[in-house]
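Asker: Below, each chain spelled out in residue letters.
2 protein chains.
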Amino acid sequence: MEQTKIILDENEMPKQWYNVLSDLSSPIDPPLDPRTWEPISPDALEPIFPKAIIKQEMSNERYIDIPEEVLEIYRLWRPSPLYRAHRLEKFLKTPAKIYYKHEGVSPAGSHKTNTSIAQAYYNMKEGTERITTETGAGQWGSALSLACNYFDIQCKVYMVRSSYYQKPYRKSLMTIWGGNVVPSPSPDTEFGRKILKEQPETPGSLGIAISEAVEDAVAHDNTKYSLGSVLNHVVLHQTVIGAESKKQLEQVETYPDIVIGCCGGGSNLAGIALEFIKDRIKGMHNARIIAVEPSACPTLTEGEYRYDFGDTAEMTPLLKMYTLGHKHVPPAIHAGGLRYHGDSPIISKLCAEGLIEAVSYDQYPVFDAAVQFARTEGVIPAPESSHAIRCAIDEALKCKQTGEEKTILFNLSGHGHFDMSSYDKYFNKELV
Amino acid sequence: MEQTKIILDENEMPKQWYNVLSDLSSPIDPPLDPRTWEPISPDALEPIFPKAIIKQEMSNERYIDIPEEVLEIYRLWRPSPLYRAHRLEKFLKTPAKIYYKHEGVSPAGSHKTNTSIAQAYYNMKEGTERITTETGAGQWGSALSLACNYFDIQCKVYMVRSSYYQKPYRKSLMTIWGGNVVPSPSPDTEFGRKILKEQPETPGSLGIAISEAVEDAVAHDNTKYSLGSVLNHVVLHQTVIGAESKKQLEQVETYPDIVIGCCGGGSNLAGIALEFIKDRIKGMHNARIIAVEPSACPTLTEGEYRYDFGDTAEMTPLLKMYTLGHKHVPPAIHAGGLRYHGDSPIISKLCAEGLIEAVSYDQYPVFDAAVQFARTEGVIPAPESSHAIRCAIDEALKCKQTGEEKTILFNLSGHGHFDMSSYDKYFNKELV
Chain A
1 MEQTKIILDE
11 NEMPKQWYNV
21 LSDLSSPIDP
31 PLDPRTWEPI
41 SPDALEPIFP
51 KAIIKQEMSN
61 ERYIDIPEEV
71 LEIYRLWRPS
81 PLYRAHRLEK
91 FLKTPAKIYY
101 KHEGVSPAGS
111 HKTNTSIAQA
121 YYNMKEGTER
131 ITTETGAGQW
141 GSALSLACNY
151 FDIQCKVYMV
161 RSSYYQKPYR
171 KSLMTIWGGN
181 VVPSPSPDTE
191 FGRKILKEQP
201 ETPGSLGIAI
211 SEAVEDAVAH
221 DNTKYSLGSV
231 LNHVVLHQTV
241 IGAESKKQLE
251 QVETYPDIVI
261 GCCGGGSNLA
271 GIALEFIKDR
281 IKGMHNARII
291 AVEPSACPTL
301 TEGEYRYDFG
311 DTAEMTPLLK
321 MYTLGHKHVP
331 PAIHAGGLRY
341 HGDSPIISKL
351 CAEGLIEAVS
361 YDQYPVFDAA
371 VQFARTEGVI
381 PAPESSHAIR
391 CAIDEALKCK
401 QTGEEKTILF
411 NLSGHGHFDM
421 SSYDKYFNKE
431 LV
Chain B
1 MEQTKIILDE
11 NEMPKQWYNV
21 LSDLSSPIDP
31 PLDPRTWEPI
41 SPDALEPIFP
51 KAIIKQEMSN
61 ERYIDIPEEV
71 LEIYRLWRPS
81 PLYRAHRLEK
91 FLKTPAKIYY
101 KHEGVSPAGS
111 HKTNTSIAQA
121 YYNMKEGTER
131 ITTETGAGQW
141 GSALSLACNY
151 FDIQCKVYMV
161 RSSYYQKPYR
171 KSLMTIWGGN
181 VVPSPSPDTE
191 FGRKILKEQP
201 ETPGSLGIAI
211 SEAVEDAVAH
221 DNTKYSLGSV
231 LNHVVLHQTV
241 IGAESKKQLE
251 QVETYPDIVI
261 GCCGGGSNLA
271 GIALEFIKDR
281 IKGMHNARII
291 AVEPSACPTL
301 TEGEYRYDFG
311 DTAEMTPLLK
321 MYTLGHKHVP
331 PAIHAGGLRY
341 HGDSPIISKL
351 CAEGLIEAVS
361 YDQYPVFDAA
371 VQFARTEGVI
381 PAPESSHAIR
391 CAIDEALKCK
401 QTGEEKTILF
411 NLSGHGHFDM
421 SSYDKYFNKE
431 LV
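Chains as they are written, first to last, in full-length UniProt numbering: chain A, 1 to 432; chain B, 1 to 432.
Please note that a few of the clues may not be correct.
Chain copies aren't distinguished; within one or between two, either way the pair holds.
16 Å max Cα-Cα, derived EDC-like pairs, lysine to aspartate or glutamate [claimed, not checked]:
#1 Lys246 to Asp257
#2 Lys429 to Glu10
#3 Lys425 to Asp362
#4 Lys90 to Asp152
#5 Lys429 to Asp394
#6 Lys5 to Glu72
#7 Lys125 to Glu46
#8 Lys125 to Glu69
#9 Lys90 to Glu72
#10 Lys90 to Glu69
#11 Lys327 to Asp65
#12 Lys197 to Glu38
#13 Lys5 to Glu253
#14 Lys327 to Asp188
These are computed hints drawn from the structure, not numbers from a lab.
Sequences are here, hints too, so could you generate the full structure?
Answerer: Set out below in structure tokens:
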């Protein structure tokens, strides 16, 4: 039987990030200045991002070197293992081969550390003393707290209120790594106070939390803002996932027919998929790429592809992306990391061009898949990642009907150890 | 710089467990029948254990083959990585080399799966349909729930009441894997009802929970009992930890001067240490072995070495061990997994013979060490495992004073993702 875990040595870890912008058929539509609706100049972003990050955001270089200090921290968990899901396959009685990349092995429990470490590093190099951010489910806030801790930077996290109360232990986790967490909307910003006055019962949203974090960064000296998804540089940092996965699949002499990732802001999907999209653009292979989103926040499946703000208060640049509208407040579903009105401009463009397909699922079938996965593979998946599992299972079940021995690869973007209250609600049939 | 993670291939996983009983200078004192105080006969244990387990409990074979079905499940997380704690060393400014074996990578989050899988397998082979057990912090209950799930056996967990309420999400975890969890003392057993009547406010104890689980197993058909520590067969199954660790240290051409494990029932300490004790008995090497326990439950450091019951209700065989007395109810400290009045007879004998040293620590210095570890190595350790970290740090600090470049190995027996309420209490200075 083929091995269960496909492992790379530390010296096989990718030394460069892959920039898909260099390979697109046409340039990506640029971000626009919210005041003028003209393409934004790099220096207009300097109040919130360090120069190295702005340069990466706009770069067209195909490969960008990963700094040695970042690689050193990556080594705490990278290369992450690729698993062959033998037990899940057997349970499903499918002829398909299912592989999953386990990004939950990072200390913060998800893929988010791939970019948080890089962003904190570049901030440290440019003298940033404090970083602000938003977090939904708490995966990103945890990852950034850990990263800031490594570079001796203060970290202020605006956590979407509904998640803050659903997942109190995510706050504890951030505290252990030195992060300072408040529920958003908060009284700490002007925009937060405004929302609290107008809608005291709001569950909050990523859009609101981003507005607060950006306002805080602009208002304070030596403070920058950091975003955990959506933007090009974040997508760039996540490409280590796909690069490793491809090498690992080569070890067992296979190539995926289908590549699946859940999609909120799009970075974990991009992380696993862009390496294979590169091959597709080059005409070398033709893997199907599937983005999976919750039907409660169906950005790619039901949104419009147009310019929109990244936040609720209209402070961020306008991005060309699939969007449900920046005033949209999604219901408080338990996959908090997928509650975002917009999507990565890179993922959006690839969707619009037909290189990525999108599907959406309701919560119950997603948790059904999560529990099937936990009972076969052992690992408790995050509700976000469980969207990818649901889709992978459905594709494997199609193979069972057709008899096709497809190779399915999905990104297990994080573990669900801090999502027990959501599982409790699932078992008690209280998911709303 | 030496690599961070020292990894073994799946085919380098040990295929046998090591039985230290074969190498002891004198036979271990046998368990006694609680009714007669005579050495217990194997068949007297059959109401609670399958025959294969009883045979292992009393075996003198040096090596025992690990069944292929068990190895197959081990492959989900084994071989576990050995880490060089570069960042912790740097933080401590110590010349010592610190290595930790990361058993927290198992799906249930601790070393306990090494024995739960084996025990569930042997039960399945002999037709057991239901297994009862106790759990303290919940690590063992989780591990057994996962294991029973794999072999289609029902699992009933009596969880020490104080932990049940301190760690509600451990219950959720067991539920995901199909376990049925109740707080102990419970109304489900005669002994539980008696305790509830006499001491309605009791925090419970492992001794009480063991009594309930044993009573339940004896009272029901096709039901056996399973213990997660203390006994010889449990210790046996954990020896994969030390066997892997030794191979991994050989890869970097080193051998430990000091081997450290936290000690409740003793199985994770035995797991990492016996491989090195074997070398010591053979006169090949001379590693110091240190057992670390909480000062609130100082079995090895302050208990007596004598025959005592394993449980509160005096239902189990008498074991020759260090004990605080089987009626002892330790305070509800947060390292629930270390709240046991007794200790493994193997560990106890090795302590009595001077092959193992024991130290104890208060909770605050243990959590100080846990947070230092989390902020350097990233991983959030279980409070139990943090006892080993405290001791490793102290030994490394001694090296800083003396300038010695000792090699320190400790067992990170589990992660602390389900112990956030304990960390919260630590930060709020509410640990009692």
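Asker: Indicate, hint by hint, whether the structure satisfies it.
Answerer: Structure-based check of all given hints:
1. In the homo-oligomer, the alpha carbons of lysine 246 and aspartate 257 lie at most 16 Å apart inside one protomer (12 Å), although the nearest pairing across protomers, at 41 Å, exceeds that limit.
2. Proximity of lysine 429 to glutamate 10 under the C-alpha cut-off of 16 Å is found in neither arrangement, the shortest distances being 44 Å within a copy and 40 Å between copies.
3. When the C-alpha separation of lysine 425 and aspartate 362 is checked against a cutoff of 16 Å, the pair qualifies only within one copy, where the shortest distance is 15 Å, while the shortest distance between copies is 37 Å.
4. Taking the closest pair of Cα atoms, lysine 90 and aspartate 152 come within 16 Å of each other only across two copies (15 Å); inside a single copy the shortest separation is 47 Å, beyond that limit.
5. In this homomeric assembly, lysine 429 and aspartate 394 never come within 16 Å of each other (Cα to Cα): the closest approach is 22 Å inside a single copy and 49 Å across copies.
6. Taking the shortest Cα distances, lysine 5 and glutamate 72 sit within 16 Å of each other only across copies (11 Å), while inside one copy they are farther apart (23 Å).
7. Only within a single protomer do lysine 125 and glutamate 46 lie at most 16 Å apart by alpha-carbon distance; the minimum there is 14 Å, versus 66 Å between protomers.
8. With identical chains, the CA atoms of lysine 125 and glutamate 69 are at most 16 Å apart within one copy only, with a shortest distance of 11 Å there and 51 Å across copies.
9. Taking CA atoms no more than 16 Å apart as the test, lysine 90 paired with glutamate 72 passes between copies only; the shortest distance there is 13 Å, against 38 Å inside one copy.
10. For the identical chains of this complex, lysine 90 and glutamate 69 are inter-copy neighbours only, at 15 Å across copies versus 42 Å inside a copy, given an alpha-carbon limit of 16 Å.
11. In the homo-oligomer, the alpha carbons of lysine 327 and aspartate 65 never lie at most 16 Å apart, since the shortest distance is 38 Å inside one protomer and 63 Å across protomers.
12. When the C-alpha separation of lysine 197 and glutamate 38 is checked against a cutoff of 16 Å, the pair qualifies neither within a copy, at 33 Å, nor between copies, at 76 Å.
13. Only within a single protomer do lysine 5 and glutamate 253 lie at most 16 Å apart by alpha-carbon distance; the minimum there is 14 Å, versus 25 Å between protomers.
14. Taking identical chains as interchangeable, the C-alpha atoms of lysine 327 and aspartate 188 are never at most 16 Å apart, the minima being 21 Å within one chain and 53 Å between chains.
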